[in-house]
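For the protein sequence lines, the chains are A and B, in the order given. If you count by this note's numbering, then the first sequence holds residues 1 to 174, one letter each, in order. If you count by this note's numbering, then the second sequence holds residues 1 to 496, one letter each, in order.
Everything labelled a hint here was simulated from the structure, so no lab data went into it. In this text, all values refer to a predicted model and were calculated from it rather than measured experimentally. Check before you lean on any hint, since a few could be wrong.
[Claimed, not checked] Sample of chain A residues at the chain B side, in silico, Cβ under 10 Å: (1) 36; (2) 51; (3) 57; (4) 61; (5) 67; (6) 69; (7) 91; (8) 93; (9) 116; (10) 121; (11) 123; (12) 124; (13) 148.
Virtual Cβ for every residue (Gly too), placed ideally from N, Cα, C.
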Amino acid sequence: MLHSQHATVKPGEVLFGFLLVAFSLFLFWQSYEIAGFSALSSPGSFPLAASALMVISSCIVAVQNLKLPKQEGAFFSVDIMPKIVAVTLAILLIFSVVLETVGFILTAFVFLVASIRYLHRSSWQRTLLLSTMILVIIYVVFRLIFQVVLPEGIVPEREIMAWFEDLFKSGGTN
Amino acid sequence: MEAISNFLITWTSIDLLALTALGTFLGIYIGAIPGLSVTMAVSILISFTFSWEVYNALALMVGVFMGGVYGGSRTAILLNIPGAPSAIATALDGFPMAQKGEAGRAIGLSTVMSVVGGFVGIIILSIAAPNISEFALTFQPRDYMMLGIMGILLVGSLSGESLTKGIFAGAFGMLIGTVGLDPLTAEERFTFGVVELWNGINPVAVMIGMFGLSEALMQLHHLDKQAIKQKLDKIIPSWGDVKKYLPLSLQTSTIGTIIGALPGTGGDIAALISYDYAKRTTKKPEVSFGQGAKEGLIAPESANNAAVGGAYIPMLTLGIPGDAVTAVFIGALFIHGLNPGPLLLIERPEMFWMTVGNLTLANIFVLIFGLTGIKIFSKIVECPKGLLIPMIFMLSIVGAYAINTSIADVWWMIAFGVLGYFMKLYGFQVGPVILGVILARLVDENWRRAIISERESLPDFFANLFASPLSVALFTIIVLAVVTQTPLMKLIKRKG
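For reference, chain B alone in the conformation it holds in the complex:
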């Protein structure tokens, strides 16, 4: 009973309802406008909303997240420019559909199937999370440490150009996360005698710099890229289409949720894998894949929205973010004084059910806003980059300043923005940096707890590690993630 009333918190309060609606609406546009990303928007939003009530702030951000993942598909279909990484797979068949004059149909179908995916993700979240968090109570500090490392490693190896660069970025992020007074002994680390550094470098400043500023600087390279307009007709899909593709949508949604739930993998990978799944399992597509197959549109769209629910599972139960967006989200939860982890569901069950309810509500708003207002939409998305980029700069600066009303954060933001710009140009991913910053404390503290409980003995540490099946499993994943990327392994693969 209590779960239901908590589930309905955001449905019954007018403020929260309005904020969720506003968030979803903004999210769709942010996701759709190339040059604006959900990660960028949520990073900037954190700095403005951290003085708000926690529910209000979360309602807005959940809406932006849900809407943004969906919104990316719009520009993928209309302009062949994925508005977000999770929409890369959508463009493969969505754009060919639009070229054939079926843009409206493609948008309608992708909207309905995104919503189906969203619901599957939410249902799995609400069933799996309480069980996982109960299971997580048996986790040892060393397991947490390894989970943290695993998350950073997987983000580094799956999203980047090379694992080495991913490891560098993750380690660098973890080091940024240790700046300031050590939480256990209050010893100074990397403060260089500057008192202002005692509190560390604000992760939000790092996020805005790396995702907002550096992305906007990158966009300056293609300022003159002109988009081609598409004709838009009726977008509400036919019932026959929905019924026909529902089984595929449900299957790929399940895949999407599971992939989203793995630490280190998010909507982009879920969408690509589901696209591949659809391609392999569809025996006789009406139109072949890559030329406007509806299956090729439905699979990634269901999967990436399902991955949102999936990503919440490790985030709420273990405190481990699945990808960069959830890393930013965890940052937001910390700022609001909530500690995501197995105790969150026990100490604050209302938070969990409120989030589930809020995700459901945002998903319904995706359906409403997704099928309406298409005319205004095509106008706004054509906002020229020459106007958009100055606005992103302005918001990044205001956002960084707003964290502590301090100009020092603006400086950090710019410094990380410029660094992120060069890193991106030279093939380093910035996602692992953010994950590192967020997870540094978890890994550091749990490492020290683990080794203290083994009386500083490394042999004992490994002996106990290999005695626990869970620890062995985590350890194996970490070792495999590294070993499969080494030159030796690549050589074996090539020969095999």
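So here's chain A without its partners, still in its complex pose:
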């Protein structure tokens, strides 16, 4: 189990192999740009060695891929990037793009609703309830206990918190 080399190439594997070769060559060129082949102790020597290893190993992998037969009945859109992964990634990307401008609370809530509804396939009521619960737990644990700073965005979080604190204080004095 430890050393099983797969006997067929998966869809997209050949392309991936060549992309790695191209990427490694680019990094090798960038490593050369640091200090050329000036000295064995130059800042560029270690990156040159590492990227050279990448070029060699990625070439071996790419050539090996070419020799192997294609996996029967496998499709890129089914085995490598099925719809569920693509959609989830898209939701995740949108989440990270708007996170800073809109703020954590709103985006996280929308993200949780969208992803739970899509992945867990529960009813709207259950989805909303679960999302709210998870968000509250994450907010209390990370924002309030761990003191992690999260993007506020358009939600006036601090004002709301202050309002709550006031409420408790006035509640306490009355």
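Given chain A's structure and the hints, the job is docking chain B onto it.
For chain B alone, kept in the frame of chain A given last:
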């Protein structure tokens, strides 16, 4: 005397005691829930705890580590899904036991034997580490360089599909580790004129992406896999059973510690080798192996927890991580301003004894939490993936953002997550990438120190290398690790 008081640091402070307990408790669940891994949890935890006091952060993470290695066995026994790679061997006999209605007995035995293994690992750690670190003071820069390379190479060759892919992953990791200003000359490397890249790519972002996000994306492929429930009865094992299997447990614990201590090998390999050992040495098992032999459950469970103590030996004494989890741990130590290596034990002996004490404490908590709360446990572990995966995504994003309160780290995390996803699908391991990132600086600096001290002469470098027995030994291991994987060697083996 001082060692004892340092040993007891986490036992006497209520905060540290509570954090260790919490960590162990969480670790057991994290290890047990398929889809959550210890590496994932520790990577995410680093980003939340790096503003904490170092002891508090370590107490929590040590607990998660110890609990997590044990927790993986639970789902291996109950559902035949190893919660962690180190529990793969446990499933071989643990699940057949559960199918025969002995799930409770299997869990009880594996808990006690895990704890025995944990203690053996800790004892060997506390005896071996001070000696090794004294010995390590005689290491030359070239030895450190070779140790670093050896660690990456072994992780790449033992865990992956092919050594070539392992080498690619390790070299790529090392290259990521060099991004930013060169620590020796402040020259820019791979910064493309972007000032934000001067500090390099944060290793924690790489870790969360590769272990958290990419793993969660992989899980989407098997979202609908339904687990079968097992009946659970009494789990506290009988004294007779414990006594009968203790010798085997002690033997496999020793094997586990040694394997855990080798750079590049962790609990998963320790467990598999110990399983094999038990199979070969048990003459007449009551039940045959693979069908619910207790020996087949005890051996890997003792070994993988013993490997935790073992993995700490090279980590604390040489600064070389044994596997991916310890690589993440070293990252955490660096973030807290500690430099693992031979000087750590001399400059900060209290850190060492505190860690030993903390591991011991976590091991005791494994025993307590392992033998209680089984009813709640089976409820929580059934948490559907459709809920679990969105939570992992959320934690990965919050974690990456928390490193520097910067959205750029979130982008890096996602980029490495997607890359890791494709790498895993096409048979590349991500462990060597993380090891490469963590060890890049050690290898780079020591290479340059070594070659400068030889006045830039490669012939001198090799002449001195072959004059030192230690260097020769390390060099031989590296060469062997590569040569035995070449097509020529495989051909010879096949013919022989």
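Verification of the supplied hints:
About 12 Å separates the beta-carbon of residue 36 of chain A from the nearest beta-carbon of chain B, more than 10 Å, and the hint is not met. The beta carbon of residue 51 of chain A comes within 6 Å of a beta carbon in chain B, closer than 10 Å, and the hint placing it at the interface holds. A hinted interface residue such as residue 57 of chain A counts as satisfied when its beta carbon comes closer than 10 Å to some beta carbon of chain B; here the least separation is about 4 Å, so the hint holds. With a least beta-carbon distance of about 6 Å to chain B, the hint placing residue 61 of chain A at the interface is held under the 10 Å criterion.
Violation of the interface hint for residue 67 of chain A is found here, the shortest Cβ-Cβ separation to chain B being roughly 12 Å, above the 10 Å cut-off. Interface hint at residue 69 of chain A: violated, since its Cβ lies 16 Å from the closest Cβ of chain B, which is beyond the 10 Å cut-off. At about 9 Å, the closest approach between the beta carbon of residue 91 of chain A and any beta carbon in chain B falls short of 10 Å, and the interface hint on this residue holds. Below 10 Å, beta-carbon pairs count as interface contacts, and residue 93 of chain A has one with chain B at about 7 Å; its hint therefore holds.
Taking 10 Å as the C-beta cut-off, the interface hint given for residue 116 of chain A holds, the closest approach to chain B being about 5 Å. Given the 10 Å rule on beta carbons, the hint for residue 121 of chain A holds: about 7 Å separates it from the nearest Cβ of chain B. The restraint placing residue 123 of chain A at the interface with chain B is violated, with a minimum CB-CB distance near 13 Å, outside the 10 Å limit. Proximity of residue 124 of chain A to chain B is violated relative to the hint, the smallest CB-CB distance being about 15 Å (cut-off 10 Å).
Among the interface hints, the one on residue 148 of chain A holds; its C-beta lies about 4 Å from the nearest C-beta in chain B, closer than the 10 Å criterion.
Of the hints listed earlier, those the structure fails to meet are numbers 1, 5, 6, 11 and 12, in rising order.
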